[in-house]
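Visitor: Heads up: the sequence lines are chains A and B, in that order.
Take the first sequence: its position 87, counted from the start at 1, is 86 in my numbering, and no numbers get skipped.
Quick note, my numbering runs 147 ahead of the 1-based positions in the second sequence.
Think of the hints as simulated: they come from the structure by calculation, not from any bench.
Every residue gets a Cβ at the ideal spot worked out from N, C-alpha and C, and that includes glycine.
Warning: the hint list may mix true and false statements.
[Unchecked claim] Chain B is nowhere near these chain A residues, computed Cβ spacing over 10 Å in every case:
| hint | residue |
| --- | --- |
| 1 | Q98 |
| 2 | V273 |
| 3 | E287 |
[Claimed, not checked] Quick list of the computed label-pair ranges, beta carbon to beta carbon:
| hint | chain 1 | residue 1 | chain 2 | residue 2 | range |
| --- | --- | --- | --- | --- | --- |
| 4 | A | A25 | B | I152 | 48 to 56 Å |
| 5 | A | P241 | B | T241 | 45 to 53 Å |
| 6 | A | W124 | B | F221 | 52 to 60 Å |
| 7 | B | I196 | A | G153 | 35 to 43 Å |
| 8 | B | A313 | A | L180 | 26 to 34 Å |
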Amino acid sequence: MASEAEVRSFGSPRRAAARPLVGFLAGLLRSPSGCLGLVIVGLLIVAAAAAPLIAPYDPLRMGAGPRLQPPSLAYLMGTDDFGRDVFSRIVYGARLTLQIGVIAVGISLTVGLLLGLVAGYGSRWVERILMRLVDVLFSFTEIVIALACLAIFGIGLTNAMIAIGIASIPFYARVTHSVVLVEKNKPYFEAAVSAGAGHLRLIFLHLLPNVVPTLIVVGTLGVSTAVLAAAGLSFLGLGAQPPQPEWGFMLSSSRDLISRAPWMMIFPGLAIAVTVLGFNLLGDGIRELLDPRQRQR
Amino acid sequence: MLRFIIQRLIAAAVTIWITTIAVTLLIHAVPGDPVRIMYAKFQSTPEQIEAIRTSLGLDQPIHLQYLSYLGRLFQGDLGRSIVGDQPVLDVLLTRFPPTLALASASLVIAIVIGMSLGFFAAYRRGTASDAIAMVTAIVGVSMPHFWLGLLLLFFFSLQLQWLPVAGNDWRSLILPALTLGLANAAVLARLTRSAMIDIFDQDFVRTANAKGLPKSLVLYRHALRSGLVPIVSMMGLQFAYMMGGAIVVENVFAWNGVGRLAIEAVFARDYPLIQGFILFFASVVVIVSVIIDVLYAVLDPRIRYG
Chain A
0 MASEAEVRSF GSPRRAAARP LVGFLAGLLR SPSGCLGLVI VGLLIVAAAA APLIAPYDPL
60 RMGAGPRLQP PSLAYLMGTD DFGRDVFSRI VYGARLTLQI GVIAVGISLT VGLLLGLVAG
120 YGSRWVERIL MRLVDVLFSF TEIVIALACL AIFGIGLTNA MIAIGIASIP FYARVTHSVV
180 LVEKNKPYFE AAVSAGAGHL RLIFLHLLPN VVPTLIVVGT LGVSTAVLAA AGLSFLGLGA
240 QPPQPEWGFM LSSSRDLISR APWMMIFPGL AIAVTVLGFN LLGDGIRELL DPRQRQR
Chain B
148 MLRFIIQRLI AAAVTIWITT IAVTLLIHAV PGDPVRIMYA KFQSTPEQIE AIRTSLGLDQ
208 PIHLQYLSYL GRLFQGDLGR SIVGDQPVLD VLLTRFPPTL ALASASLVIA IVIGMSLGFF
268 AAYRRGTASD AIAMVTAIVG VSMPHFWLGL LLLFFFSLQL QWLPVAGNDW RSLILPALTL
328 GLANAAVLAR LTRSAMIDIF DQDFVRTANA KGLPKSLVLY RHALRSGLVP IVSMMGLQFA
388 YMMGGAIVVE NVFAWNGVGR LAIEAVFARD YPLIQGFILF FASVVVIVSV IIDVLYAVLD
448 PRIRYG
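Generate coordinates for the entire structure from the input sequences, incorporating the hints supplied.
Guide: Structure representation (structure tokens):
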């Protein structure tokens, strides 16, 4: 996940946002890391959207092939202990992974954005109390907040997504807060204040549009953290439940068979690592594009 | 300096105090009846359920519950666990040393490998070695702890049979510590590289070089000392991540620490144990970050004399 220092060094996010999307994508394709990230994330989206066309077998059908078959032309990534095709399960798993990323980041982004705006714009006391609370949540670490949420709601993939979303709120609140503090001191904002703009107008028409571009970048990097966290919770048995083709859960069910069927452990892990790498590279690429200082390095 | 330490101690105390409120509220956030959920597998009669509710103090108004929780806390009483019916503090204290050993060993591995890699990459900035080091680091950052752990287990324990699959002696500590250490080394390498690049660009390093000081003196005495400041400031967060990562890694290697205990508690819905764990975990992280902040002040004279 991006550190605050990295986030603050984005320079002016507006400059990039003002560019047409095509130019932005072209810039991204010019940087090797951004290009690779875009390709990986693109492949993930294609796999999720076209899963029924790509996957040769039903991901849930037991006995689609013989049990514990090593990778072959018929079963590209082998079969698991129920005779299910590992490749088909991984392709369908892309759907769950994208869903987790979007829902978890959606929750933390929305709530974090609101809290950060209120803390940055509100009175000194509101700011102190909110940011102190955020500091406290930071010392819990995300996994402990997620565990606490799961202890409250009960285990399961949906609850895990919500738990991860809640666990990352402090991070997004902090980032938004630091961007708001910078924007508040810029001439355009002071001009709007002296022109007599109301609170709602100041927050939603002046601050919000300038905070959103930065948060898009942070959110892209956040997807990788969310995917990793959800896979971790499923691995621990707290997230996805059988027979869901979730990658973390697939890894956890491979544990007892590692020596007999290592492919059951290698491919789901590879899928998680490549996806997370894709979002990390994409985030790095976007950051380079927004901050020319980084590009010279 | 003293003022700085006192300020940090007050902030730490406030954090722990808010945590006590949060864990008290936790059990009330549970949808439905927490006592019934906790004792679902024991097939208790309604009378027994009510008796348990009274013994846990859950029949009292929430502010009284909080005050009595706080009162017991000051006597070192964190309640009794549902599973095994043992004092929560005793359970946590028995399971903490393995976690501390794991986190410390991993921190050493992360610092040695991560900082050397980052320092080396910054020093050879723009070369192929820099690129290789940074590609390694981003792959490391993206690698799930639990997968890295399983891969190490597969190669070193099952294929080569050099190390045990699980256990609680020092040989069993090697793989979990390596897993957690390598994952965090990658994060530290990226941090170190960017901090050192900022330092290498500064005037005082150029001046030291221009004065004709030996290269090693400039690197280690001038650059590294200043570069350590921002790195140490991130170390508190690093330690918190390390403790969080330990929860997952302990479960991969069946390492009997508090992380494994926490997962068992969530499965069993053992709320007194979960509450105790959260409070304990947050306190450890807060205390360590105070220590790190003081260390940071010692390194950076601007804070020491500020």
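Visitor: Now, for every hint given, state plainly whether the structure supports it.
Guide: The hints, checked one at a time:
no.	hint	result
1	Q98	18 Å, holds
2	V273	8 Å, violated
3	E287	13 Å, holds
4	A:A25 x B:I152: 48 to 56 Å	53 Å, holds
5	A:P241 x B:T241: 45 to 53 Å	33 Å, violated
6	A:W124 x B:F221: 52 to 60 Å	30 Å, violated
7	B:I196 x A:G153: 35 to 43 Å	19 Å, violated
8	B:A313 x A:L180: 26 to 34 Å	49 Å, violated
Of the hints listed earlier, those the structure fails to meet are numbers 2, 5, 6, 7, 8, in rising order.
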